[in-house]
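On the provided structure of chain C, position chains U, A and P as indicated by the hints.
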Amino acid sequence: MESNRPRYCLGLLIMFMVVFSLGIERTANDYILAIVSFTGINIILAVSLNVTNGFAGLFSLGHPAFMAIGGYTTALLTFSMEKKPLFLPDLPQWLIPVHLPFFPALLVGGCFAALVAQIVGISVLRLKGHYLAVATMGFLIIVQVLLNNANSITRGPLGLNGLEEFTNVSWVAGWVVVTIYTCWKIKFSSLGRSMLAVKEDSMAANSLGVDLFYTRNFALTVGAFFAGVAGGLWGHLITAVTPGSFSLIMSFNIIVMVVVGGTGSITGSVTAAIIFTLAIECFRPLEENFGIYGVGEIVISLVLILILIFKPSGMFGTGEPKFVTGKYKQLSPTNGK
Amino acid sequence: MKKCFITIGLFFMSLPLATPCFSAEPIKIGALYSLTGGMSSIDTPSLRGAELAVKIINKNGGLLDGRMIELISVDAKTDQKAAAIGAKKLLSNGVIAGIGHSDPSFVLPSAPLFQKKGIPFVTSGATLPTLPMMIGDCLFMVPFGDDDQSFAIADYSFKSLGVKNVAIWTDNSMDFTKTLSKFYKQRMTELGAKIVLEDFFMMGDKDFSAQIARLKNVSPQPDAVFISSIPNEAGLTTKQLRENGLTLPIVSGDGFDTELIVTVPGKELANDVYFSTHTYRADPRPEVIQFIADYEKEYGVPPENAFAPLGYDAIALIADAITRAGSATPKALKESLAKTMGFKAVTGEISYTRPSRVPVKGVSIISVKKGEYNVEEIWFPTTK
Amino acid sequence: MTHKKHLLHVVDLVKRFGGLVAVSDYSLTLEQGELVGLIGPNGAGKTTVFNLLSGVLKSSSGNFFFNSQNITKFSPAQTARVGIARTFQNIRLFEDLSVLDNIKVAFHMHHGKGFLNTIFHTKKFRQTEKEITQKAMEFAELMNLTELIHEPAKKLPYGDQRRVEIARALATNPKLLLLDEPAAGMNPQETAELMRTIKEIHAKQDMTILIVEHDMRLVMNLCQRLQVLNQGQLLAQGTPEEIQNSPEVIKAYLGSPKENPHAIC
Amino acid sequence: MDFGYIAQQLANGLILGSMYALVAIGFSMIYGIVRLINFAHGDIVMIGAFTTLVLMETAGLPFPLVAFFVLLTGCGMGILIERISFRPMRGAPQVTGFIASLGISIMLQNLGILTLSAQPRNFSFPSYMQRILNLGPVSFRVVDVVIILTAFFLMVALIFLVQKTKLGIAMRATAENIDVARLMGIDINKTIMATFAIGSGLAAIAGLMWGGKFGQIDPLMGYVPGLKSFVAAVIGGVGSIPGAILGAFILGLSEVLFVGLLPPIYSSYRDAFVFGVLIIILIAMPNGLLGKDIGDKA
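Chains as they are written, first to last, in my numbering: chain C, 1 to 337; chain U, 1 to 384; chain A, 1 to 265; chain P, 1 to 298.
Just so you know, these hints were derived from the structure itself, not from any lab. Ideal Cβ positions, reconstructed from N, Cα and C, are used throughout, including at glycine. Don't take every hint at face value.
As the list claims (entries may be wrong) - Pair ranges (Cβ atoms, derived):
no.	chain 1	residue 1	chain 2	residue 2	range
1	U	G136	C	L115	29 to 39 Å
2	P	P64	U	L191	26 to 36 Å
3	P	D179	A	R16	25 to 35 Å
4	A	H110	C	R5	23 to 33 Å
5	P	L61	U	G136	50 to 60 Å
6	U	K369	P	F63	53 to 63 Å
7	C	R5	A	E147	17 to 27 Å
8	P	L61	U	L191	44 to 54 Å
9	C	P6	A	R16	49 to 59 Å
Just chain C, with the same shape it has in the complex (with noise of 0.2 Å):
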């Protein structure tokens, strides 16, 4: 039915995540490595925050409370044996000895966040459009605060510090394809459409036998999981996490990637991600030769207040340009009307 194009698109994704972060391994410096992974990890929070936002239309602002759940989940399980007495004196003792690699680690602290957001979703899914921000925002807030405040597990406001440096491109770009590639399956899927379709009008869907509830909730739950996943990525890649890392600021950052891009669209969200990423690193050398800190952030919110008045649908709406999605095959070049 459909035409190749995404699949030789994918193909040609893989090709050039791995020919690039064997590249850029290789040759780039540890600043450049380091922008690049946090490019990365940006693609992955905002693809997935599309799935919650841009195909459900839930405007949830939680995306790094899930962060935060699967990047402390991560760290603790993967924590030095050596320092976790050194550390972590108050460590409750069924936590003592529980390691795991960092593979399986960065798992459990997606699915950890996954099941979380099962557990928020009961709760607030039932509420509409700003209330669900507020609710979500309040998610948030309790998420640093018990952070902040269970000293045992987490060290409060100063963290878990001293992981090792697990992420690098590789790992990065490898969950970067898995993200676009989920993502992309369940947008183009019984399931996607399920979800657009409620985002557009629930009422409606409804009537057609969609279930309300289970879409929402799966779109948070997926959305959460990749959070958690890059939650893991984003502290291995410090070697630290603290609660004040993931603020309401991250959440505005993420969720402008989203619009601006075009919610609903990964295309959009992905090359957003890019940009924003570059963007902000790029205004440093201003900055720093003239001494006009916060410059970046002005012209940023510039640029992005002009995209919002004159594409507020953002860079490609809410569809996949052309040339990912191919033409449809069967499609006869009907201009009709």
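Positioned in the frame of chain C, the structure of chains U, A and P alone reads:
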């Protein structure tokens, strides 16, 4: 639009790459401070202090037969991610040392990266005493540890102010303030004082009426209240306590070392406040007077808080170590820094003689009476 | 159970909004394969009846049974699952989705959620998707939409949007189809076409249809049986001829001289 | 815990609540008309505070005149922001405006840091505003009374404005249905601009009061009032002016009482508690306490 972005992006990306590395002429030092976001009110003065030090050193002919210091400053944006990226940026720029940060939460993601490369990192403001242990032999602290400043003010409040019952207010959102309270509590209990009330608030709080009402109702009434906060809440707590008719002494650590405790409540109400801090405020030593004069001349305002001289000292300390080592390689610098003995910094003499490598420095006890700052005594750590 | 033979059996349905009684003691019995019209002046409560039957609103009292199952408290999704599909008076399409995707959404409930199948792109998944597309195309063809399937729904003219909505409702494979003013906003030619299609659906698929409509010509020509609602109450029911000659009905319609056949009620 | 203690806590909660109310009224008003969550509202509070500082300290103007100019500045900022950024976005999805307001907020904050420096400034009201009053066991300051009275006065004035004046009728019509209002000959642009002017003017006045009450201002001070007014408005039901005030008082009271009545160690859980309550209120009453259903496609 997109193309435009990418073009601009590539242009700026290429800037740091394109700058050719001059043949080791200037000595590059990296500075990591949060110049935007919540920490900026604390970190910006530090950077200004550091820049002042660099300017003075370069004006006097630089180091090692005329090599200039080049201070590369990166904004950590009150964000750990930016702190880590910033550290990597500095390291890939070939700095021989890094300075910065006034809070351990930001030292922790950036300093280990320096440690890994064997490049020394001098934190100008983070006072967590376990930092050198957590990061390694490349981390050096300019300030004293929180244990010292807490012990100092505890000793003073017990012995000189005669405080037998004390209330403790802690900003529970920061590690610095929690640590400060922990050590104060420890010392006061050792001395035999009683903690009659422990209360908490969060950074960014503006209204302390609930805490004040509780303080008024506690029995027995405390002889003093210890407020562990950063400068942003120092003036507010003082003002609100005094306005509510509480005249008991307020004691604190270097978070209270700010003009705000006088300007916010006004001179009348800024009374009976005591805090321990870096020995520079109201201190007659020549290096302090010189620093304040230079700072005022450069920026038109007196140093905003104690973090300004600390930033200045971080550079001065490195410069001293480079001069002593006669070389500007990271390895030599690290060894030379570790051997620092009796370096006369603005904020007190620095010697790394302790096994913990937290400097043994004098701690000033400052009193504020009707808006006037006075040095009450200089406290020295007794142990080790 | 006395409702055994009936497809839909509504008993004394009441809906109150605050103090206002929108529908009172409404009853209806539908047999398999009937085509029944529900008419009445503006504000008579016709759409409220539809909203109750499709689970969008919850009844204040009364019950209704579908294939002798009590579905009074079912959600819209559950109602759709047992086999009741509906269209909306003010068209509710998924505007940003293409016509084809609009129809495809209706298959969701029959093909399960299959998350793992979706992710791993299994053979079963591909087969299902293929089937869905094929069937959706069939329904598009039925409603004469083949040429428009890749257009976003919002770009379609009014009449086409109505037809997409009907196609979408049919795609849920219902036993009972509720059509809420399907001809509203259509020109006479479109209406005639629609009438033909409804007849076709009714005949070919042995579909039971309940229709709310203002266009009297359409209703009289199409329906075997009519119910008249007035101020929430059942005024009369019978064959089109009986209704046309009923004095109560004439009074009710004449009693509201400002009647506008296309107004929103 | 005696009566006096509880009375004092209640009074503190009310004072804090009226502080939040001042900000939340304008916030809720703008939301009611254009369905925009305006995060830049908090930063207008900051601008109001700094304008006051400049006018009082450098220009040395008398206090009532200062208040007047601050009000004007706020109105001007509101009109400017509406004209430049929100008007071109009208008709776009709601999220768009929300994101844009975040952009404006970040911009204003960073501009503030760049031009004013991040250092907190002290800010003092004339001394007669600082006098302490005692009412039985409860003590408060003149400025607290002024704040409560201002909040109350503004609420009454706004309700009068919305219910009785021509502008108010235009506002309500616009809030109800923008297209119908346009058809009825209402100048939508003017109405929305007036709403922004009034809402932002109130925010600037709130900034003056905020500075006067707490005595310290900085470029990032707008974040907390912005967030709190958002929460207060949502609790009360966004778009409803009495709702915003009710929400603000509930927020202020619950914050103070949570800290004041529970053992101190719970203080650091305050925000979790406040937001927990918020979520429970929303789940029980999905449109806030006094709000209307905002429709399916919110």
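Verification of the supplied hints:
no.	hint	result
1	U/G136 to C/L115: 29 to 39 Å	holds, 37 Å
2	P/P64 to U/L191: 26 to 36 Å	violated, 54 Å
3	P/D179 to A/R16: 25 to 35 Å	holds, 31 Å
4	A/H110 to C/R5: 23 to 33 Å	holds, 29 Å
5	P/L61 to U/G136: 50 to 60 Å	holds, 58 Å
6	U/K369 to P/F63: 53 to 63 Å	violated, 30 Å
7	C/R5 to A/E147: 17 to 27 Å	holds, 23 Å
8	P/L61 to U/L191: 44 to 54 Å	holds, 53 Å
9	C/P6 to A/R16: 49 to 59 Å	holds, 52 Å
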